[in-house]
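Visitor: Sequence:
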Amino acid sequence: MATTPATSRLRVAVIGAGPIGLCTAAALRQQGHNVTVFERRQDPEPRGHALVIQPAATRALEYLRGAHSAFERVSVQAGPLRLWSYTGDKPFAVAAAAQQPCRSDKRFQTDRPSVQNVFHGLAVSSGVQLRFGTAVVKVEDLADSASLSTADGMTHSADLVIAADGIKSATRKMLFPARDVDPIPLRESIFLTKSRVADLAGDRQLAAWLEPGTKHGVLGPGRFILSRHMHGGYLGVQLIDVDHADPGPVNANWNTPADVDALRARFSDFGPITRAYLKYIRHAEKWQMAMGPSLPTWRSKNGRVVLAGDAAHAMLPHGAQGLSQGIEDGISLAQMLRLVGGTGSDIRAHVPAVTKAWVELRKPRCDIFMRQSTENARLWSLPDGPEQKARDEKMSSLGRQPPPDLDSVEMDMTAPRHSPEFLKWVRDYDVVREGLWCAEAGGGVVGGYRPEIISNEPDRPFWYPPKPYHQLLKSNSSGTLYSNISYAYDGFGRCVRKTDQGGRTTSKVVGFRGTNMFLLPRATRFISYMSRF
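If you read the sequence shown in numbering that gives the first Met the number 0, its first letter stands for residue 0, the second for the next number, and so on.
I should point out that these hints are in silico values taken from the structure, not numbers from a laboratory.
Computed from a prediction, not measured in an experiment: that's the story for all the values here.
Watch out, some of these pointers could steer you wrong.
[Said to hold, decoys possible] Pairs of lysine-lysine residues, derived as DSSO-like cross-links and limited to a Cα-Cα distance of at most 27 angstroms, are as follows: (1) K105 with K172; (2) K89 with K362; (3) K167 with K137; (4) K193 with K89; (5) K172 with K137; (6) K362 with K167; (7) K362 with K172; (8) K393 with K137; (9) K89 with K393; (10) K105 with K355; (11) K172 with K300; (12) K167 with K355; (13) K172 with K355.
[Unchecked claim] Label pairs and their in silico Cβ distance ranges: (14) K172 with P256: 24 to 32 angstroms; (15) G232 with S68: 48 to 56 angstroms; (16) G212 with N301: 17 to 25 angstroms; (17) R46 with R377: 45 to 53 angstroms.
Built from N, CA and C at the ideal position, the CB exists for glycine as well.
Can you build the whole structure from these sequences, using the hints too?
Guide: Shown next, in the form of structure tokens:
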């Protein structure tokens, strides 16, 4: 696959007009593809609560024209999280902000209705065709194309179908008919509340929560609370009851009205700031938690139907990564498709290879965040006792330490979760650069090794292997191994020394990172790149 912008357009069908479906559709349409979104509901339904778009996803949105300026208008200032004990009258820990990393640490603290409206506006302005009130009842991968049938009896052909139809995805069931892929309901429920800051401002007990640019977490046995400001002058408070009740069916009544008096009683042992806030609440929504099923892949056998967002990797909200990972899904897929095709070639023929590489790129990262979100729910709701005290002391200790210098460490997805290496992988990951390399190499992880991105910008690091010295296994145009060259790197992703098989060493600084891997025969540009050494 030559890395030149595609000269032929794909016909893309997106199922689901939620934030991820609309984001993906807009990104693909801005690359010139013909995109139609099918949504069973009659309108976008901008409902929901506070959300954050994390730095890595914010960086990905740089590739979606108009996204940053739109989100700037609907976001609020967000500082570090302040942690309280449920019996305390002040925070016992403040999450330490990292030193400014070498890439942007920008994030958008916003809310779901605003996210929905932004992506809907971008999709419309980009020329995406939106078909509300059109339910998809059948999806087929026909090898050289895909088709979908709608409830009105129509059949539509597409080169690629992207199902962003949420945790209750009907498309997922069609892809895995012999597997139980229903969402897994949990005993946990989250109670969503919000109040105008102006209505709370006169209550001195709420002063800490109302301080601009702050967010707060209150940790208690079996329950915890998150408080943060929202666009439009609201304070949004989520009250999480981890062991609320036996799980009910995951059906259309996803959010239901909550009993406010029962909610006050459930959190009556929490401190004065919580009880003071609950006095003002007149309405709350109960959001029953569920997890997505474990899937072997996100694509159909022939690779022309893929799952994205919650349809692929629905996770609990306690890692604050669900929306961000969906954004990374959509932007990376659009960018990977951009760099296939070219003069005399048909982009449609490369769709299966791209979706295979895309799944191999995205799934390991999302799997980590799925596990982390579940672990956070447990850690933040520990019963009083030795484990809870150890947790609080560790969090307090982390808050007292100097901010981690992310510029001086390498990304490592396998490092301990509070380490600078892992934090850098969470924040500074560049899904577009990774995706473009996979598109160039022709198929993602090859020979059991994970690919890295090539860059000619030595001052802009992207993905870092966990160790500073690596062997690069380089293939020739026939795909066979023909040399073994060792490279050493500094902390900024620059090659500073090359040693060949004869032991000869050349010192230089170049913008390249490598690790153990075999390249596909089509990766001729990579071989050409390496010949410069």
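Visitor: Does each hint hold? Answer for all of them.
Guide: Going through the hints against the structure:
1. K105 with K172: Status violated; Cα separation ~37 angstroms.
2. K89 with K362: violated (40 angstroms)
3. K167 with K137: Since the Cα atoms of K167 and K137 sit roughly 15 angstroms apart, the hinted pair holds (cutoff 27 angstroms).
4. K193 with K89: The hint holds at about 22 angstroms.
5. K172 with K137: holds (10 angstroms)
6. K362 with K167: holds (19 angstroms)
7. K362 with K172: holds (19 angstroms)
8. K393 with K137: This hinted pair is violated, its Cα atoms lying about 51 angstroms apart.
9. K89 with K393: At roughly 17 angstroms apart (the allowed maximum being 27 angstroms), K393 and K89 satisfy the hint.
10. K105 with K355: Violated: K105 and K355 sit about 30 angstroms apart, past 27 angstroms.
11. K172 with K300: holds (14 angstroms)
12. K167 with K355: holds (23 angstroms)
13. K172 with K355: holds (20 angstroms)
14. K172 with P256: 24 to 32 angstroms: Given range 24 to 32 angstroms: holds, Cβ gap about 29 angstroms.
15. G232 with S68: 48 to 56 angstroms: violated (21 angstroms)
16. G212 with N301: 17 to 25 angstroms: violated (49 angstroms)
17. R46 with R377: 45 to 53 angstroms: violated (28 angstroms)
Of the numbered hints listed earlier, those contradicted by the structure are 1, 2, 8, 10, 15, 16, 17.
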